[in-house]
Amino acid sequence: MTGSPREATPREMTARELARWSWRQLTSMRTALILLLLLAIAAVPGSLIPQENLDSVKVSNWQDAHTTLTPIYRRLGLFDVYGAPWFAAIYVLLMVSLIGCIIPRLFVYWRGLRAQPPAAPRNLLRMPAATSYETAESVEEVVARANAVLGRKRYRLRRESAAGEVAAEKGYLREAGNLLFHCAVIIVLVGFAVGSLFGYKGGVIVLVGDQYGFSNELTQYDDFAPGSLFKPDQLNWFDLHIHDFHVDWLTSGPRQGMAKGFKSEVQYEDGPSSPSKSYDLAVNHPLDIGGTEVFLIGHGYAPVVTIRDGKGDIVASGPRVFLPENQSFLSFGVIKPAAGNISAQGLFYPAEVTLGGVPQNITGDIGDKSAAMLSLQVWKGDNGMQDSEQSVYTLDTSRMTKVNDTGGRAFNLRVGQTAKLPDGLGTITFDDVVRWNKLQISQTPFKHVALGGVSLALLGLMGSLFIRPRRVWVRARETAGGTLVEVAVLDRSGNDEVDAVVSGLVAQLQGREVEEMS
Amino acid sequence: MSTHAYELLSNRAVATAAVVYFLALLSHLVEWSALIGRRRADVEERELVGAGAPAVEARGLETPDEDRSERVAMFGRLGYLLTCIAALAHLTAVVSRGLAAGRVPWGNMYEFTVTGTCIVAVAYVALYRRLKLSWMAPAVVAFVMVFLMVGVLALYAPVEPLTEALNSYWLVIHVFAASLATGAFTLGGIASIIYLIKRRYPDADSGWMSRVPSLASLDRTAYRIHAFGFVLWTFAVLITGPIWAHQAWGSYWNWDPKEVWAFITWVVYAGYLHARATAGWKGRNAAILAIVGLATLWFNFIGINYFSTTSAHSYASVPSHAPAIVDGPAAGGTVTA
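Chains A and B, in that order, give the protein sequences. Okay, so the first sequence: first residue is 0 according to numbering that gives the first Met the number 0, each after it adds one. Okay, so the second sequence: first residue is 0 according to numbering that gives the first Met the number 0, each after it adds one.
If you are wondering where the hints come from, they were derived from the structure by calculation, not from laboratory data. All of these numbers come straight from a predicted model, not from anything done at the bench. C-beta: ideal position from N, C-alpha, C; glycine also. One or more hints might be untrue.
[Stated by the list, open to error] Just a few of them, taken from the derived set where beta-carbon distance is under 10 Å, the chain A residues facing chain B: (1) Ala39; (2) Asp269; (3) Ser272.
[To be verified] Computed Cβ-Cβ distance ranges for the label pairs, DEER-style: (4) Tyr200(B) x Tyr171(A): 53 to 59 Å; (5) Glu264(A) x Val151(B): 28 to 34 Å; (6) Lys131(B) x Ala143(A): 35 to 41 Å; (7) Gln509(A) x Gly302(B): 53 to 59 Å; (8) Gly302(B) x Ser21(A): 34 to 40 Å; (9) Gln509(A) x Lys131(B): 23 to 29 Å; (10) Ala506(A) x Lys131(B): 17 to 23 Å.
[Stated by the list, open to error] Here are the simulated lysine to any residue pairs, SDA-like style, with alpha carbons at most 25 Å apart: (11) Lys230(A) x Gln210(A); (12) Lys131(B) x Leu217(A); (13) Lys281(B) x Leu25(A); (14) Lys197(B) x Phe227(B); (15) Lys281(B) x Asp498(A); (16) Lys276(A) x Lys131(B); (17) Lys262(A) x Lys131(B); (18) Lys368(A) x Asp269(A).
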């Protein structure tokens, strides 16, 4: 754009002009493309740097190892890339650009949908794909046949064509598919946004057995990650307990001793007065209770331990959740009663075999519990339980002293055994082992909207990629020797093989039998 | 036949396929070297005839050197025949692996590689005549052979039952769609790479470049393969992937590294299609974008495993450190939280 006198003398843009200019820039195709590629680049760091929402332990380990980088990374939000403002900025801009691009195109499409195919250009043979031939047929015959051939191929024909001319167009659905795809992307983004804003994801460890259970209340969750617009009254009422739990162990092959499959028999009530229902909960087989979904994502062992003080009074009793350290369910856990001054931490072996004086765990299958072993280090002193909230899976021994077995070893107990602590401190009994299940409980509102959006996007995508829009013109003119027929095809997608279309069309106009080209 | 016998058969078939692919590659290389020789003969002849009409146009298969052109054709046919035999052995390997495992043969990286390369090989063999793919022969055969060997040498794992989360019919749909798309993107990427090479020697009448289709036709072929692959990729990554993730892990999108890279690949190819459709980026820029897409795809398949160990897709990692995904919360809580 040059030559206009106004542009010849540069001056500052008014706010309004600046806004218009910015809007035009933002909604241009090139910007959309750049934003799209920027989104791809912006997603990269999140896959290479540990992410807070994926594995917080790994994040803190990484931060301990990189003390100089950590403050910089933290500033840039690199530990939570997908929640970072700059990441949000890119996709919000992309969405605005998308909308700004789609709306005008919707109007253009609406007008184009009802428009007639354009009349033939003056010089058809100048089109990139064009040809001509002579025939003895009359002009009317040629035009009639062209109309028939193109009509059969479901071209839209121009109604008021000049004599001897046919103008046709097809492939209107390509742009429809394109628009559908872009609108569907917006639907997906809305569905995804609602899901992450109003949804929540919580985790809880539930012991297996009818006497244990879970009620859907905030306080019962071990970890809870709500969306920023989540309200606690979204939690619907239900109670569940795990009646029984089955594990299918691998008994041979390189993964011997690992769990192959597991399944829980869950019983639940979805209202205070509703009858109890049963469900087989398994991986890939979640339970849906009134829009809240329950997933089985892990399992392990909880040794039942009783600690008595020097007077024989019970200071702690019950199952303690031990977390698996490896695939054979060698597990670590902590017992720290709020009362008394004895605490313990140690390993649980579901099936222990002593090899060369070192205990080894051979499988996660506990069998009849005869090979199960609890190996505890006992500490006495202040375990800090009174002070503050702290993890139930670690023991702070800074204000404690270690209590040793006579040989200075850990206390190794089989089911039913009791260890007598030195100096009349008390006893520790390994009563039994129960199992636990890790459940993930979540609400993902609008997940079907997101799914529907993606499906529509795929449909639109197929339309926009595989439908080939093209225009065809045929002009017949009487000449000295007969009739000269000119045929031209314009490909509007840029990816069509127009020459083949032209030759196929000519063959049909001449009445030759040919393979259908489209 | 016992499962063990099937596993053995599969391993032998893979070895056979690799050897025959190698012979096929040799045969195609002989074919090409003969082509280079022919060009020299051509040039000499042209010099003898003298300048005048553009000889480039006149150059065709009917060069005076009948022996040579016959040899080219013979080695070309031989190479194709050997590729067919190798693809058959390859297919046998995939099927018997499936029979050995009693499930679809794409439960780990090794199986995915063997199946993926098999799809490329079978698609190539099947479309060879229809799409006149002889110009692609050495590139495709070399690619299949190299990746098959990488699979055998670096990723091999004996037949094992699936981990719990993988044990779902979505494995059939999701992974099959993903491997089909991977195969398509790879073929499209090869076409784009050849496009860039051809672009540097646009009027090459030399050896194999002269057999490669015109730039416009290469560009169009690459576009079509990519369009097909993109639709499948969308289906695999953005439809079946989230549905399965939701069922197995309780959340349909977890920003897991594999997901992130699958998304990056999707965005790059979306950019490729978008650029072609609207910004008029045909040819060079589009080809570069397609190759970037291919790089992200293969990085996601193999490379990301070396950078991140938190992936819930870790069954799809290198065998030495392959924790099953849901065998209990590791020390940080859940696998997916």
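Results of checking the hints against the structure:
{"no.": "1", "hint": "Ala39", "verdict": "holds (4 Å)"}
{"no.": "2", "hint": "Asp269", "verdict": "violated (19 Å)"}
{"no.": "3", "hint": "Ser272", "verdict": "violated (29 Å)"}
{"no.": "4", "hint": "Tyr200(B) x Tyr171(A): 53 to 59 Å", "verdict": "violated (41 Å)"}
{"no.": "5", "hint": "Glu264(A) x Val151(B): 28 to 34 Å", "verdict": "violated (44 Å)"}
{"no.": "6", "hint": "Lys131(B) x Ala143(A): 35 to 41 Å", "verdict": "holds (38 Å)"}
{"no.": "7", "hint": "Gln509(A) x Gly302(B): 53 to 59 Å", "verdict": "holds (57 Å)"}
{"no.": "8", "hint": "Gly302(B) x Ser21(A): 34 to 40 Å", "verdict": "holds (39 Å)"}
{"no.": "9", "hint": "Gln509(A) x Lys131(B): 23 to 29 Å", "verdict": "holds (27 Å)"}
{"no.": "10", "hint": "Ala506(A) x Lys131(B): 17 to 23 Å", "verdict": "holds (21 Å)"}
{"no.": "11", "hint": "Lys230(A) x Gln210(A)", "verdict": "violated (30 Å)"}
{"no.": "12", "hint": "Lys131(B) x Leu217(A)", "verdict": "violated (65 Å)"}
{"no.": "13", "hint": "Lys281(B) x Leu25(A)", "verdict": "holds (23 Å)"}
{"no.": "14", "hint": "Lys197(B) x Phe227(B)", "verdict": "holds (23 Å)"}
{"no.": "15", "hint": "Lys281(B) x Asp498(A)", "verdict": "holds (19 Å)"}
{"no.": "16", "hint": "Lys276(A) x Lys131(B)", "verdict": "violated (62 Å)"}
{"no.": "17", "hint": "Lys262(A) x Lys131(B)", "verdict": "violated (53 Å)"}
{"no.": "18", "hint": "Lys368(A) x Asp269(A)", "verdict": "violated (35 Å)"}
Violated hints for the displayed structure, listed by number in ascending order: 2, 3, 4, 5, 11, 12, 16, 17, 18.
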